[in-house]
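Q: Protein sequences, first through last, are from chains P and V. Sequential numbering from 1 applies to the first sequence in the working numbering. Sequential numbering from 236 applies to the second sequence in the working numbering.
FYI, nobody ran anything at the bench for these hints, they're computed from the structure. All values derive from a computational prediction rather than experimental measurement. Watch out, some of these pointers could steer you wrong.
[As the list claims (entries may be wrong)] Beta-carbon label-pair distances, calculated as ranges:
hint : chain 1 : residue 1 : chain 2 : residue 2 : range
1    : V       : Leu-380   : P       : Lys-166   : 52 to 62 Å
2    : V       : Asp-277   : P       : Ala-71    : 45 to 55 Å
3    : V       : Ala-363   : P       : Asp-173   : 15 to 25 Å
4    : P       : Leu-206   : V       : Asp-311   : 44 to 54 Å
5    : P       : Gly-23    : V       : Lys-327   : 39 to 49 Å
6    : V       : Pro-321   : P       : Gly-23    : 22 to 32 Å
Yeah, the Cβ is synthetic: ideal placement off N, Cα and C, and Gly gets one too.
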Amino acid sequence: MSQNKRPDGRATSQLRPISIRLGVNKNADGSCFLEWGKNTVVATVNGPRPIFPKHLADQTKAVIDYKYRMACFSVSERKSPVPGKRDKEISLVSGHALEAAVMVEQFPNTVIDVNVLILSADAGTRVAALTAASLAAADAGLPMRGLVSAVAAGRANGELILDLNKEDEDTPDAVDMATAFLMPQRELVLLQMDGCVNKKDCSKILETALKGAEVVYELQKKALVEKYPMDGEIQ
Amino acid sequence: MKRIVVPGELITDKNVKTGENVFIKGNCIYSSVLGILNESDDFVNVVPLNGPYTPIVNDAIVCIIKNVTNNGYIIDINSHSDCFLPKSLVTKELSAGQMLLARVKEVDGADVAELDNINILPLANIIAVPSVKVPRIIGKNNSMLNVLKKYTQSNIIVGRNGWIWCTSKNLALLENAINMIVNNSQKSNLTNTVEEYLKRNS
């Protein structure tokens, strides 16, 4: 991978700036506000609680009800607030990815509500949403095997790059691969892709994504530890 | 030195006894929650900083009647599943909204509790805190609870499920003090600081 700069000044394998705040919503058990470049995301986790209607219950594990929604004002043209095909699909696959991390088998016959709202979108919202949701679940104190660190990688203008923004995504030869890893085990829990790519580039893109996910994981860890300062004044 | 661990973080690769909130994979021990690591030579566990309440046998809990049915009561115990109390276990006819102090007699595989030793509590305020902070609110040998009772002239019953039943002459001060304990539970020397705060404000 070359060290050329991209239009927004980033190197090819550099993430957009990420900032994380935890516990932003007093009504939720756990919550997270995440800014990822120009993406802003709020994620809340509630539960586990009894599931209704009862026929949806699973006797062996908790059901994760993951809702990915985009606000009407999150994109330049108004988005209809009605959940479309895209919203439902992303909700389903992200819910499965989060299920790999949360120890759902400890709460049979219940549901864990995960609500993610995209306030502002600039490509890569599903990975930002999943990163925020896993932080909110950890903030809610749910038992987990690890954290889900998600990142997109792909190709734009013939170069393999990490963390595509809207400009990169709109290039004619764009490849956008959304990935999520269960960290620190490095298990792949989400893989979606747009565009055409050969086998060799595909594995290269996955390698880049894993490196990016490790950076995201360090930021997630830092945010969780910093929420609870061990010393300092009590107020 | 105590430190905070995140879910999935490696605690140790030594062969030691494990307590709560850790899981074993291969030969290593990992944390399963965000919490404070408690590590000694032959034992590790993690004290969580937040989390849902799951009933354990012999817990004394404060609970509220949610609904009345023909043969018993549906009771909210601040857990992920409600529990059922047959009318034969209480001597008096009760109504929805009644507060109770009870003991968990039995817990089944799906974490549904069965109660006994029912005590009827008069209507009062309930302050909800995460159940994992309850040991901090009671303190060593009831030290924190005695401080709270003394300076706010209150009557407090702390349920293990995180619901605190209280009648107080200075409820606002009590609420502030409890918030202070909950928000700073990971810090040391909390009892003295809370005592100073209460002395200043009562």
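Q: Give a verdict on every hint.
A: Evaluation of the provided hints:
Between Leu-380 (chain V) and Lys-166 (chain P) the C-beta distance comes to about 56 Å, which sits within the given range of 52 to 62 Å. Checking the proposed 45 to 55 Å range against Asp-277 (chain V) and Ala-71 (chain P) shows it holds: the Cβ atoms sit about 53 Å from each other. A hinted range of 15 to 25 Å is violated for the C-beta pair Ala-363 (chain V) and Asp-173 (chain P), which are about 55 Å apart. Distance hint for Leu-206 (chain P) and Asp-311 (chain V): a CB-CB separation of about 48 Å, consistent with the stated range 44 to 54 Å.
Between Gly-23 (chain P) and Lys-327 (chain V) the CB atoms are about 42 Å apart, so this pair conforms to the stated range of 39 to 49 Å. Distance hint check: the CB atoms of Pro-321 (chain V) and Gly-23 (chain P) are about 40 Å apart, inconsistent with the given range 22 to 32 Å.
Consistency with the previously given hints fails for numbers 3, 6, ordered from lowest to highest.
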